[in-house]
Amino acid sequence: MTAIRVRELRKQYRVSEREAGLWSSVKSLVRRKTRTVSAVDGISFDIAPGEIVGFLGPNGAGKTTTLKMLSGLLHPSSGEIEVLGQVPWKRHADFLGRMSLVMGQRNQLVWDIPAVETFELNRAIYRIPMAQYRETLDELVDLLDLKAVMGAPVRNLSLGERMKCELTAALLHRPKVVFLDEPTIGLDVTMQRRLRDFISQYRRVHGATVLLTSHYMADVEALCRRVIVIHRGRLLFDGDLGALVGRFAAHKLISIHLATPCAGLAQYGELVSDEEGHVTLRVPKAETPRVTARLLAELPITDLTVEDPPIDEVISRVFTEGAV
Amino acid sequence: MRILRLLAIHLRLALSGALAYRADFLIHLFESLLEFGTGLGGLALVFSHTQTLGGWSAPEVVALTGVFFIVGGAVRFAVQPAMESLIESVRDGTLDFTLVKPVDSQVLVGLKRFEIWKLVDVLMGLAVLAVALWKLGAAVGLGDALRFAVALAAGGAIVYSFWLMLATLSFWFVRVENILVIFQSLYEAGRWPVNLYPGWLRFLLTFLVPVAFATTVPAEALSGRIGWEKILLSLGVAAGMLVLSRLFWKIGSRHYSGASA
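Listed in order, the protein sequences are those of chains A and B. Counting from 759, one number per residue, gives the positions in the first sequence under the working numbering. Counting from 134, one number per residue, gives the positions in the second sequence under the working numbering.
This is chain B alone, in the form it adopts within the complex (with noise of 0.2 angstroms):
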């Protein structure tokens, strides 16, 4: 209940800081605008081409896209942010101040900061994912969207504790800033079904860097291409993780110093 509160409390306040730079908005509507007309666009070329990408149709990979663009957008709006401004407390020491609350220190550092224009990523997403629906048709049966959703909550938590878990290596090596563009660039290679990929980068992008998981699998339960058992392979890895992350972090809040006054 508190931390429903708690998360009301800080929506409310990102909201009016972002009402505040309303030309924020029009240039992130514009940017996103551009992302995702380069994006459709060059769906389009490829498929100009031909009819299947990997066994994909237009309309799947269109909806990859949808889903690539709501994962993405959720991360800009809610996860980034927060793990940024983990790291700059961490270096400037104000950590101090959410580790003497009452409150677990990492629901804390979760909800600190928010970036609400990031939300119409989230919402274009939405609307692409709509089309392709649309498009797909009477593919979608009930069961699909079950297991889209549940693979999507999956993929959004997986996608969280990997950035936790980068955030949280400040509390060792202070500047870490590096690592999260590098998960950054990764991520982009989340918009193409993963089997496009070479076997190595298909490991790589499912096990190290789990955007597999967050992106294609999601898609690849919508256009029923999946079972439950890949469903379940997917909630029992974002189980782990928010495990592993969670252990991450209490061992390094442990080993915060603070910076000395």
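Excised from the complex, chain A in its bound form (with noise of 0.2 angstroms):
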């Protein structure tokens, strides 16, 4: 059984080229030169239920674009999609009350009102039973600590108490599939982290499946095990976080304490730090055992560690570099 299912998934666009200048916008009126660029380009995954997976990428590397088509919003160009056994662009009412969309930078609340009043407008659209809605409400309300805010116009929230409304919109009607997309976006780190773990929490007790785009790297380390990457439309990785940075990571970062302090130890590896007899250096990956062999060898040294360089760093490298 999988909750998400994805084949060859692709999705073009047409978009209009022209050249600047005010003859080459004339002669755009007449003759328009479209160029076809394909925003995402033959991906394939699957996701269990109750999976929480990170979907990682740069700017335009596809992510809202298969986020759009797998919760119905987008037709794709080619390839096969099924979620909760339903095609979304079918659009059927049974598929679309049982998922969920949350776009960090835009919002369902509709900005004159309460929020209450948007929840329940959404009871009635998806019709929630009373006592499942009051049910919900009074655990999410308690969870996000809504109650101070959701009677307030959503135009006098904060960015935060705005966000924590606009999922808990999201969620009132318990869905399966939770498509988040920038969640944390423009949040302050004990907020981010408090939605984060209201995120687990739903899941966990809802048994839901989520798939989490974010540019924070702690998001996804903290909600997600499993990641998948792309870059330029394409799969670069699918698979655990750990992994991730094992594959990825040119580096490795070598972590000395030393009895007494040394000179010249750049002929080791690149400097990163040199505090007090700490030292850490980066250094290539292949050359890691024979570096370390030698530190041992040659300084007075009284601890060493070999690390991972910080996942931040490995992810912006991917990205960078698009390095397979």
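There could be a bad hint or two in this list.
As the list claims (entries may be wrong) - Calculated cross-link-like contacts (lysine-lysine; reagent style DSS-like; alpha-carbon spacing at most 25 angstroms):
hint, chain 1, residue 1, chain 2, residue 2
1, A, 848, A, 785
2, B, 251, B, 234
3, A, 848, B, 251
4, A, 934, B, 363
5, B, 363, B, 245
6, A, 848, B, 268
7, B, 363, B, 234
8, A, 848, B, 245
What the hints assert, rightly or not - Sample of chain B residues facing chain A (criterion: CB under 10 angstroms; computed from the structure):
hint, residue
9, 135
10, 138
11, 143
12, 144
13, 146
14, 165
15, 224
16, 227
Treat the hints as calculated values from the structure; they're not laboratory data. Glycine included, every Cβ here is placed at the ideal spot set by N, Cα and C.
Both chains are sitting in their own frames, so use the hints and assemble them into the complex.
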């Protein structure tokens, strides 16, 4: 059983193209040159029910396009998608009623009225029975500490409060599949952690499948064991977050504690930090065993650890170089 | 059932929103009175020179004015705000949230926004119509009233479909507000009986921009100058327009790609 099944998914857009300048604008009125752009170019993956997966990629990688195809907003150019056993773009009420889409950059809450009114509206739209609505709302209000804010017009709320209300509105009908597109964007660290805990708890309690995109690696590290990385519309990696680092990190970090200060450490590798006998060196992965052996043999070392570089760094390297 | 509940909720929200801006009510009331005053004043001026206008007596044209304001007011109350909100949501991408709801998206879009105070126009239109009916007196029979009601409903459906098709164009051409303005100015032509206009314009107002079905035909039904054939034509046009606009909506919303994030 899979919750989400994607095979050879493609989405191409036709974009009109013209050079700068007035004359080419006039020409484009008559004959428009178009170019086909592949936003998503043949990706496949499966996600099991109850799994939470981080969906990573630089801006323009095709993340949002994929999420939109998964939630039925966009029609794929080719390939197959199945979410909860349904084809999303057919937009069956049965499918739409069991999934939810949250976009950190866009609001479904109505600006001028209190969030609780939008909740009521969603209760009618999703035909949530009163008892279940009360129970879910109480639970969400409690977890997110919403009591004080949901009665105020949305325009008076802070970004964090608004996002909490957005999530509540999106989860009232207890969706089985949740697509979160940068839910923590623009929030402070405390609020990010709060939302993260909440998402994780919702998934645990309701057994929901979650696909999350975020630019904050902390979100992904805290929530997702598995990540899918796409770049220029293609699948770059699908697997364990730890394995991602192992595979893409070209360097390792060696930290050593020295009994006595030593000079000439740069010959062993790139010096990252050197503070009172605690030194960190960046060394190419293949060199690590050899350098470690040399360090131990040649220097008065009291402690030595070999670590992977921070995940942020690895990811940004993947993105900038498109390395495979 | 669910649609009625959603309608009730949206109306309640619109009302509570409108009550928060009570000054709007006074401004709109003033605006509306002014428009009625000039409209009826114009009629008085015309009929001080003539007994009939293209075969229409004064009370009949007053009735037409009533219909013109009822339909126009209903459009400004429900149709226009919903369509403007649709165009905005296509541009800023929030239409996404409407499309992922398990309710027909055309219905949800239609319920999105109401301008409560524009109902003043409808009420004043009804008042003017009542005065005209009183003047017409016994001339209005039960059959006329029935034909009027059917013609009015068909006219409303036609105008709604027309608006929906114009607004749906925003799926292809993101900026379409200007087209809406054109429709509004053509609707103004509906305050006079269409048979006053030269042939080509009458054709335009009947079939291209079907203003005639929304105002002239119901008013004609009221004064007993048309039979069921024309009412059936009106119903046929309404049904055709509803189907066509539905098709437009289906194709358009499939074409919608959303403002990319």
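Keeping to a limit of 25 angstroms between CA atoms, is the pair of residue 848 of chain A and residue 268 of chain B held or broken?
violated, 56 angstroms
Would you settle whether the hint for residue 135 of chain B is holds or violated, based on the nearest Cβ-Cβ distance to chain A being less than 10 angstroms?
holds, 7 angstroms
Hey, residue 848 of chain A versus residue 251 of chain B, does the alpha-carbon distance stay inside 25 angstroms?
violated, 37 angstroms
Between residue 251 of chain B and residue 234 of chain B, does the CA-CA distance stay at or below 25 angstroms?
Outside the cut-off at roughly 29 angstroms; violated.
Hint check: is the beta carbon of residue 224 of chain B less than 10 angstroms from a beta carbon of chain A?
violated, 12 angstroms
Is the interface hint for residue 143 of chain B satisfied, with its Cβ closer than 10 angstroms to some Cβ of chain A?
For residue 143 of chain B, the interface hint holds, since the closest Cβ of chain A sits about 8 angstroms away, which is under 10 angstroms.
Proposed proximity, residue 234 of chain B with residue 363 of chain B (alpha carbon, max 25 angstroms)
Judged against 25 angstroms, a Cα distance of about 40 angstroms means the pair is violated.
Would you settle whether the hint for residue 144 of chain B is holds or violated, based on the nearest Cβ-Cβ distance to chain A being less than 10 angstroms?
Because about 12 angstroms separates residue 144 of chain B from the closest Cβ in chain A, which is outside the 10 angstroms limit, the hint is violated.
Hint consistency between residue 848 of chain A and residue 245 of chain B [alpha-carbon to alpha-carbon, up to 25 angstroms]:
With Cα atoms ~23 angstroms apart, residue 848 of chain A and residue 245 of chain B stay inside 25 angstroms; holds.
Between the alpha carbons of residue 363 of chain B and residue 245 of chain B, is the straight-line distance 25 angstroms or under?
Distance of about 34 angstroms is beyond 25 angstroms: violated.
Double-check residue 146 of chain B for me: the hint is only fine if its C-beta lies closer than 10 angstroms to a C-beta in chain A.
holds, 6 angstroms
Restraint: residue 227 of chain B near chain A, CB-CB cut 10 angstroms. Satisfied or not?
At about 6 angstroms, which falls below the 10 angstroms cut-off, the nearest Cβ of chain A leaves the hint on residue 227 of chain B intact, so it holds.
The structure does not agree with the numbered hints 1, 2, 3, 4, 5, 6, 7, 12, 14, 15 stated previously, though it agrees with the rest.
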